[in-house]
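Enquirer: Take a look at the letters that make up each chain.
There are 6 protein chains.
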Amino acid sequence: MRTALYPGTFDPITNGHLDLVKRALRLFDRLIVAVGTARDKAPLFTIDERVEFIRAAVRGIGDVEVIPFEGLLVDVVRGAGAVAIIRGLREVSDFEYEFQMALMNRRLASEIETVFLMPSERYTYLDSTIVKEVVMLGGDVEGLVPEPVQEALLTKRRNR
Amino acid sequence: MRTALYPGTFDPITNGHLDLVKRALRLFDRLIVAVGTARDKAPLFTIDERVEFIRAAVRGIGDVEVIPFEGLLVDVVRGAGAVAIIRGLREVSDFEYEFQMALMNRRLASEIETVFLMPSERYTYLDSTIVKEVVMLGGDVEGLVPEPVQEALLTKRRNR
Amino acid sequence: MRTALYPGTFDPITNGHLDLVKRALRLFDRLIVAVGTARDKAPLFTIDERVEFIRAAVRGIGDVEVIPFEGLLVDVVRGAGAVAIIRGLREVSDFEYEFQMALMNRRLASEIETVFLMPSERYTYLDSTIVKEVVMLGGDVEGLVPEPVQEALLTKRRNR
Amino acid sequence: MRTALYPGTFDPITNGHLDLVKRALRLFDRLIVAVGTARDKAPLFTIDERVEFIRAAVRGIGDVEVIPFEGLLVDVVRGAGAVAIIRGLREVSDFEYEFQMALMNRRLASEIETVFLMPSERYTYLDSTIVKEVVMLGGDVEGLVPEPVQEALLTKRRNR
Amino acid sequence: MRTALYPGTFDPITNGHLDLVKRALRLFDRLIVAVGTARDKAPLFTIDERVEFIRAAVRGIGDVEVIPFEGLLVDVVRGAGAVAIIRGLREVSDFEYEFQMALMNRRLASEIETVFLMPSERYTYLDSTIVKEVVMLGGDVEGLVPEPVQEALLTKRRNR
Amino acid sequence: MRTALYPGTFDPITNGHLDLVKRALRLFDRLIVAVGTARDKAPLFTIDERVEFIRAAVRGIGDVEVIPFEGLLVDVVRGAGAVAIIRGLREVSDFEYEFQMALMNRRLASEIETVFLMPSERYTYLDSTIVKEVVMLGGDVEGLVPEPVQEALLTKRRNR
Numbered sequence: 004m005r006t007a008l009y010p011g012t013f014d015p016i017t018n019g020h021l022d023l024v025k026r027a028l029r030l031f032d033r034l035i036v037a038v039g040t041a042r043d044k045a046p047l048f049t050i051d052e053r054v055e056f057i058r059a060a061v062r063g064i065g066d067v068e069v070i071p072f073e074g075l076l077v078d079v080v081r082g083a084g085a086v087a088i089i090r091g092l093r094e095v096s097d098f099e100y101e102f103q104m105a106l107m108n109r110r111l112a113s114e115i116e117t118v119f120l121m122p123s124e125r126y127t128y129l130d131s132t133i134v135k136e137v138v139m140l141g142g143d144v145e146g147l148v149p150e151p152v153q154e155a156l157l158t159k160r161r162n163r
Numbered sequence: 004m005r006t007a008l009y010p011g012t013f014d015p016i017t018n019g020h021l022d023l024v025k026r027a028l029r030l031f032d033r034l035i036v037a038v039g040t041a042r043d044k045a046p047l048f049t050i051d052e053r054v055e056f057i058r059a060a061v062r063g064i065g066d067v068e069v070i071p072f073e074g075l076l077v078d079v080v081r082g083a084g085a086v087a088i089i090r091g092l093r094e095v096s097d098f099e100y101e102f103q104m105a106l107m108n109r110r111l112a113s114e115i116e117t118v119f120l121m122p123s124e125r126y127t128y129l130d131s132t133i134v135k136e137v138v139m140l141g142g143d144v145e146g147l148v149p150e151p152v153q154e155a156l157l158t159k160r161r162n163r
Numbered sequence: 004m005r006t007a008l009y010p011g012t013f014d015p016i017t018n019g020h021l022d023l024v025k026r027a028l029r030l031f032d033r034l035i036v037a038v039g040t041a042r043d044k045a046p047l048f049t050i051d052e053r054v055e056f057i058r059a060a061v062r063g064i065g066d067v068e069v070i071p072f073e074g075l076l077v078d079v080v081r082g083a084g085a086v087a088i089i090r091g092l093r094e095v096s097d098f099e100y101e102f103q104m105a106l107m108n109r110r111l112a113s114e115i116e117t118v119f120l121m122p123s124e125r126y127t128y129l130d131s132t133i134v135k136e137v138v139m140l141g142g143d144v145e146g147l148v149p150e151p152v153q154e155a156l157l158t159k160r161r162n163r
Numbered sequence: 004m005r006t007a008l009y010p011g012t013f014d015p016i017t018n019g020h021l022d023l024v025k026r027a028l029r030l031f032d033r034l035i036v037a038v039g040t041a042r043d044k045a046p047l048f049t050i051d052e053r054v055e056f057i058r059a060a061v062r063g064i065g066d067v068e069v070i071p072f073e074g075l076l077v078d079v080v081r082g083a084g085a086v087a088i089i090r091g092l093r094e095v096s097d098f099e100y101e102f103q104m105a106l107m108n109r110r111l112a113s114e115i116e117t118v119f120l121m122p123s124e125r126y127t128y129l130d131s132t133i134v135k136e137v138v139m140l141g142g143d144v145e146g147l148v149p150e151p152v153q154e155a156l157l158t159k160r161r162n163r
Numbered sequence: 004m005r006t007a008l009y010p011g012t013f014d015p016i017t018n019g020h021l022d023l024v025k026r027a028l029r030l031f032d033r034l035i036v037a038v039g040t041a042r043d044k045a046p047l048f049t050i051d052e053r054v055e056f057i058r059a060a061v062r063g064i065g066d067v068e069v070i071p072f073e074g075l076l077v078d079v080v081r082g083a084g085a086v087a088i089i090r091g092l093r094e095v096s097d098f099e100y101e102f103q104m105a106l107m108n109r110r111l112a113s114e115i116e117t118v119f120l121m122p123s124e125r126y127t128y129l130d131s132t133i134v135k136e137v138v139m140l141g142g143d144v145e146g147l148v149p150e151p152v153q154e155a156l157l158t159k160r161r162n163r
Numbered sequence: 004m005r006t007a008l009y010p011g012t013f014d015p016i017t018n019g020h021l022d023l024v025k026r027a028l029r030l031f032d033r034l035i036v037a038v039g040t041a042r043d044k045a046p047l048f049t050i051d052e053r054v055e056f057i058r059a060a061v062r063g064i065g066d067v068e069v070i071p072f073e074g075l076l077v078d079v080v081r082g083a084g085a086v087a088i089i090r091g092l093r094e095v096s097d098f099e100y101e102f103q104m105a106l107m108n109r110r111l112a113s114e115i116e117t118v119f120l121m122p123s124e125r126y127t128y129l130d131s132t133i134v135k136e137v138v139m140l141g142g143d144v145e146g147l148v149p150e151p152v153q154e155a156l157l158t159k160r161r162n163r
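Residue numbers (my numbering), protein chains in the order written: chain R, 4 to 163; chain D, 4 to 163; chain G, 4 to 163; chain H, 4 to 163; chain E, 4 to 163; chain S, 4 to 163.
If you're looking for bench data, these hints aren't it; they were derived computationally from the structure. Incorrect hints may have been included.
It does not matter which identical chain is meant; a pair holds if it fits inside one copy or across any two.
Straight-line C-alpha distance at most 25 angstroms; calculated SDA-like pairs for lysine to any residue [as the list claims (entries may be wrong)]:
id, residue 1, residue 2
1, LYS25, ASP43
2, LYS44, LEU75
3, LYS25, ARG125
4, LYS44, ASN18
Fair warning: this is a prediction, and the values are worked out from it, not measured in the lab.
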C-alpha cells in the first residue's frame, strides 16, 4: 500500500485542488491532504476552517485524510509513512518555485519523491488568491470552489 | 465605434504606459485609462495625483478619458461600454500573470476580449516600481516618465 | 472601418484558429485570413486546400476574407489596408517567437500593430502539428478541427 | 498492483533516463519502458539496439519490462494496463511541450494520468542529443551513459 | 587590472554565493562583494553580521574586498573603479528580473557591463530565503552555508 | 592577460553579434571569435565568407582574432589559452539551451567559465535566421548587419 501527501495552504480549497485530489487517488492507495498553518501569511480562514472545508469536500471520494501541519514538510511526510509529495503544475513560474522546493526536499529526505500532476485545463487560471480577490470585489466564483466555501467567502465579504 | 479600456495602478505613469496608450488609439476609436485605487498597495501618489498625471500626459493625443476605479474590472469595462481590455506584454512572467487575469475576466464576462500589445523595446525594462526605486536612490529617470511626474518624484525624494 | 490580418500556415485550420477568428471579429470591422504558401515546410495540404478549408469554416460568421500569400508579411498587411496583425498566444515559447517576429515587423512597418489574443483554454494544447500527428497514428480529433478537415485528414491517413 | 509506462525514443538511454526509472519504481509496482520506433527522426541506433541497451541497464533493479512501440501512445498504455505515463521534467521548454502532449493524451484517454518526476540535478543538462553530439566531436561521456552505450557510441564514431 | 563587483543582500551568504565568488575571481583581477543594507527587507542578520560572515568565508581565496553599500548600485560600481557587475543566473524568473535591472543599470551607466555567471548545478535550488526557512522549521543545512553561518542560524532558531 | 572566446555559426554576423564583441573587449584583454563550420546546418555562406565578414567588421576595434573551428568547443578554448566562453543572452529559450551547453562544457573542462552578456535592447529580436528570412522575402535589413554582409545578402537574393 502506498500513501502520498498533498501539502498546501488551501486558503480556501478550490475545485482545482479537488481535481488534483481525485487524480492522485488513481495513482496511490491513500492520500493525506496536509494543511499548513501558514501563520506568517495571515490566511483568510483559520487552520480549523480550512481543514474542515477540505474534509467536507473529499467525503466519499476515496481514502483521504486531512491533517493540519507545522514544521518541516519532509518530517510530516516521513511521519505519515508517505512515499510521495503531490504537487500541481499549472504554469512556468509555478514550475520554478516547485522545482526549488522539490530539490530542497530531496536533499532533506532523498527517499521521498515529488510527483507533479497536471490539473484540468479548466482550472489553469485558478488559485486561492484570485478566488478571494474576485469575491471581495463583488464577483461570482460559482463552480470554482465547493459550495460551503463559496458561502463562507460571501459571509466574509458581507462582514468586511 | 469601439472603446477599449486600459486598466492599471499607474503609480506613476511612465513613458512605457504612454507608448501603449498611443498604440491602442490606432486600433480603437476611444480609450479609457482606468486607474485602480490600489489601497492595499500603499501607492506613492494618491489616486487623484495619478489620474491627474495621466490627464496631463494624454492631452491632445486622441480620444482618451482617464477615470479612477474601484471594484471588479469587468464591471468597469461593461459600465464604460468597452469591448476590450488593453494590456502590455513585456516579458514571460508578465505573460503568466496577465494570462491568469485574462482567463478569469473572460469567465466573469465572456463578451470582453483582453488584447495584448507590445510596448517599444526601448521600454522593455521599464515599470513604475523600478522608476520609483531609481529616483529614491538618487538616480536620474529623465526620458522614462513625463516631465511633471519626474518633478513630483524629485519632490518626494527631497521630502523623505 | 478597421481591418486586421490574421496570418498563418493553417495546415490545416483547427478549432483553435477558428476561435481566434471569432474573437478578432469582435474587435475589428473586417478580418483577412492570410494563408502562407509555406513551400519550405512541405505542408500536408496544398495552399488551395488550406484556403478552401478556411473559407468553408468561416462562412457566415462575419466579414472575413481568406487569401493565399507569399513574400514579406508587412507588404501583405499594407496592401490589404490593415492596421493590425492578429496572433494567438498560447504559451511561453509561443510568446518568445511571436515577440521576435512582432519586433521585426514593427521595424519594417512601424504603423502596423501586432495584437495578441488569447484562445479559449479548451484549445491551449491544440496546434496543427499535434492534430496531424494524432490522426496519422490512428487517434480521433473530433471536435478539434472542422468536419471537412477531419474527413480530409482521415482520407490522407487511408492513402498513406 | 499499479503499472506505469515510461515512453521515449531513448537514442540512446542515458543515466538521466535510468535515474528516472529508479524513481518511478518507488511509486509504482511495475514499470514498462516503451521505446518508440522514431522512424522519421532517423535514430542513431536501431530500435532493437535501443531496447537491448535498456534491458541490459535495468537488469536487477526491479520489475521493469522494455518494449518497442509504434502508433498512438495512449493505445500502448491501455494495452499494457498502465494507469500512468511517466515523464521527466528538466526545464521550462520541456515543460511546455510535455504539457501539450499530456493534455492531448488526457483528451484521448481521460483515465490515464501523466506523472512528472524530477531527475537528479546532476542530470539537468543531460539528454540523448547532447551525448551524441559530444561523442561525435571527440568528447568523453563517461558517467553520463551506461558502459555498453558508451562503447557503442565510440564504435559509431570510429566507423563514421 | 580589472575589478568586478558582486552585489547582493547576502542574508546570509550561502555556498552558492561562494561558488560564484570563486568563479568571478578566475575572470577578474579583483572582486568587491557589496552587501546592500536592505533596510526595507527586514533582514535576519545585521549589515555588520552579513559583511563579517562573507569576510570570514572569502579569507585566503583571492583578492576579495567586502563592503556594505547604500544608494544606487552604479554609483558604488563607479566609485570602486569596477568594470563589471557580477550576477548569478539560476533560473528563468531570475533571468527576467536580472535582465530588467541590468538594462536599467546600463541606462544609468553605459560603461558598466553586467556579467552573468552560472553557479554549480549543486546549488541550483539554493538561495538565502530557502536556507532560512529550512533552518527555522528545524531542518539541516550543513553543506549549504559556511559553518559560522550555520551556527548563527541555529542560535537564531533557539532564541526565537 | 586574459583571453575570451566567442563561438558561433555567424551565418552571417549581425550588428547584435558585433555589439557583443565590443562588450566582451571591455572585460577581457583579447577576444577570439570562433566560427563553427556548421556543416550539418547547410549555412548560406561558406566558412571562409563568414570568417571574412567578421574580420572586416572587427577591424580596428581592439585585439580580436577570428578563426574557423571544428570539433569540440572546449578543445578550441583550451588550445587558444582562453579562460572564458562568451555567450549572448537574449531571451528565455536562449537561456535554456545556453545553460545546457554551458553545464556540459563545464563538465568537459571545469576550468573554463561561460560568461553571459546582454546585447543592447535594440538587438533583442535580431538573429542571423530572421535577417536571412527578411532579405529573401524582399525586406530591408539596413542597420541590422554590417554593410558588406547586406550587399552579399542582396546578391544571394538576386541569384536565387
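Enquirer: When Cα atoms must be at most 25 angstroms apart, do LYS25 and ASP43 count as within-copy, between-copy, both, or neither?
Expert: neither (29 angstroms within a copy, 36 angstroms between copies)
Enquirer: Is it within, between, both, or neither for LYS25 and ARG125, if the alpha carbons may be no more than 25 angstroms apart?
Expert: Intra 15 angstroms, inter 20 angstroms, cutoff 25 angstroms: intra and inter.
Enquirer: Checking an output row: LYS44 and ASN18, CA cutoff 25 angstroms. Within, between, both or neither?
Expert: within (22 angstroms within a copy, 28 angstroms between copies)
Enquirer: Please work out whether the CA atoms of LYS44 and LEU75 approach to 25 angstroms or closer within one copy, between two copies, in both situations, or in neither?
Expert: both (16 angstroms within a copy, 24 angstroms between copies)
In the structure shown, a violation is registered for the earlier hint numbered 1 alone.
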